[in-house]
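Undergrad: Based on the sequences and whatever the hints tell you, model everything.
2 protein chains.
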Amino acid sequence: MDPGRLSLNQITVNSWSLEEAVEGCVRHGIGGIALWRDKIAAAGLDRAARLVQDAGLRVTSVCRGGMFTDPATPAAAVLADNRQAVEEAAALGADVLVLVCGALHDTDLPGARRRVRDGIEALLPHAAAAGVRLGVEPLHPMMIGVRSVVVSLAQALDLAEEFDDEHLGVVVDAYHVWWDPALAEQLTRAHGRVLGYHVSDWKASTSDLLLDRAVMGDGLIDLPWLSARVAETGFSGGVEVEVLSSALWAQDPDEVLRTVRRRFEDCV
Amino acid sequence: MDPGRLSLNQITVNSWSLEEAVEGCVRHGIGGIALWRDKIAAAGLDRAARLVQDAGLRVTSVCRGGMFTDPATPAAAVLADNRQAVEEAAALGADVLVLVCGALHDTDLPGARRRVRDGIEALLPHAAAAGVRLGVEPLHPMMIGVRSVVVSLAQALDLAEEFDDEHLGVVVDAYHVWWDPALAEQLTRAHGRVLGYHVSDWKASTSDLLLDRAVMGDGLIDLPWLSARVAETGFSGGVEVEVLSSALWAQDPDEVLRTVRRRFEDCV
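For the record, the sequence lines run as chains A and B.
Reminder that position 134 of the first sequence reads as 291 in my numbering, one-by-one numbering, no gaps.
Reminder that position 257 of the second sequence reads as 414 in my numbering, one-by-one numbering, no gaps.
Treat each hint with caution, since some may be false.
Copies of one chain are not kept apart here, so a pair can be met inside one copy or by any two copies together.
Derived pair list, reagent style SDA-like, types lysine to any residue, alpha-carbon separation capped at 20 Å [said to hold, decoys possible]:
| id | residue 1 | residue 2 |
| --- | --- | --- |
| 1 | LYS196 | SER403 |
| 2 | LYS196 | GLY268 |
| 3 | LYS360 | ASP379 |
| 4 | LYS360 | MET300 |
| 5 | LYS360 | PRO228 |
| 6 | LYS196 | ALA212 |
By construction, these hints were calculated from the structure, which means they are not laboratory data.
TA: The following block contains the structure:
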């Protein structure tokens, strides 16, 4: 893919601070960045906003809002934290606030999914008021017990269609959705609703449920096919490289960025 | 669930030989057993058949046929091995031969899925001739690189509906399908096509993609709900307890069977 669309999701170079990640993007000619809230907090929101602006970087997303599902956390507390995330996304001029909707905490899966729906309903007016778009990211079903009860693109689109609001859409992460037999059909349905596209790769013999993703080209995902389908939805924004990998994190981040840039051109 | 429907999938007590597993079932008052082909081979097919018959056990399934997807293996060799599996299932009087359809070996996922379809088409006449029913078991999407490109009940039902043959159906394993937002809808569609039902549980913080299943009641799956939905499809056969767990395998198998039996009554 055209390297002009490359955005570095900073979790890919997790050892770097926000400032170091911004400098890395500039050094490697990467025009976009996606920021995580813990790194934003460590840098300070105002300083983070100044850093990306001075570097001329487009902020493709803030990771992450959501986490609606814990029955032990009052809905008001969940909303307060999500409003804070919206404010951060607004201050950074981010294209989208990614929603990772929260894990299952007991055996009541329909109940957890209702809490997701209700949490989005409560948050949406605040996002609209701040001019921030929310992107529901379906996560791989293997992460249901630790991250998200939203596990398929169809389910994320159900939410987007229910509210049918320009401030709510979906985020397509190749790693999370590539296995889905309904993927092509759901991407057709997703026209105009895709607010973000993330790439990495699935290792044939994945050894960890969270931190064993591969760089594009080192796995089983047909990324050129998926990129073409995502383009057909009308999405033309920055494409995030988001590789959660303990093996990658152990490498020199500058070397990682060189690989990422090359693979983005050759394999996405 | 009524313990009269309990069937021990012998992988749950993997350290036991087929003979030991049969004796264990008798000792614990378990009326059904599911056999794996490596254990059948170790015991010898004729002896295995005699052992289960003498013990009065119902063989709920043979695990497994399938593995249609490797482009390096000629279709004739795949068919030959599957015909062997059909003969074993027939000799054992098994309710169903479970099909684990095979992993993705490259980035051509549609191609792998076509090989599954074609493999089933080639095998089905032989199964019908032998009076053996084939059950397509969708596996969890996280196993796509090591076990199966059939990853959802919808996809398994697409295959069953395409051939629409009484010798082809689906196997519902709670562990593999419980996360699916379309599960209830697909179980409605599955009426008359469910040939097997397997139970175990999903640990909140699963640490291994293959061998970290929990005993029923120790995880997040609403098994009573699922059991009721499976019953509504018309399935009334033996219910297999299939727990692939390195932790469980390290325990005394008799203790495991006591736990399995109790949890089957209380949590399934």
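Undergrad: What hints, given by number in increasing order, does this structure fail?
TA: Structure breaks hint 2 only.
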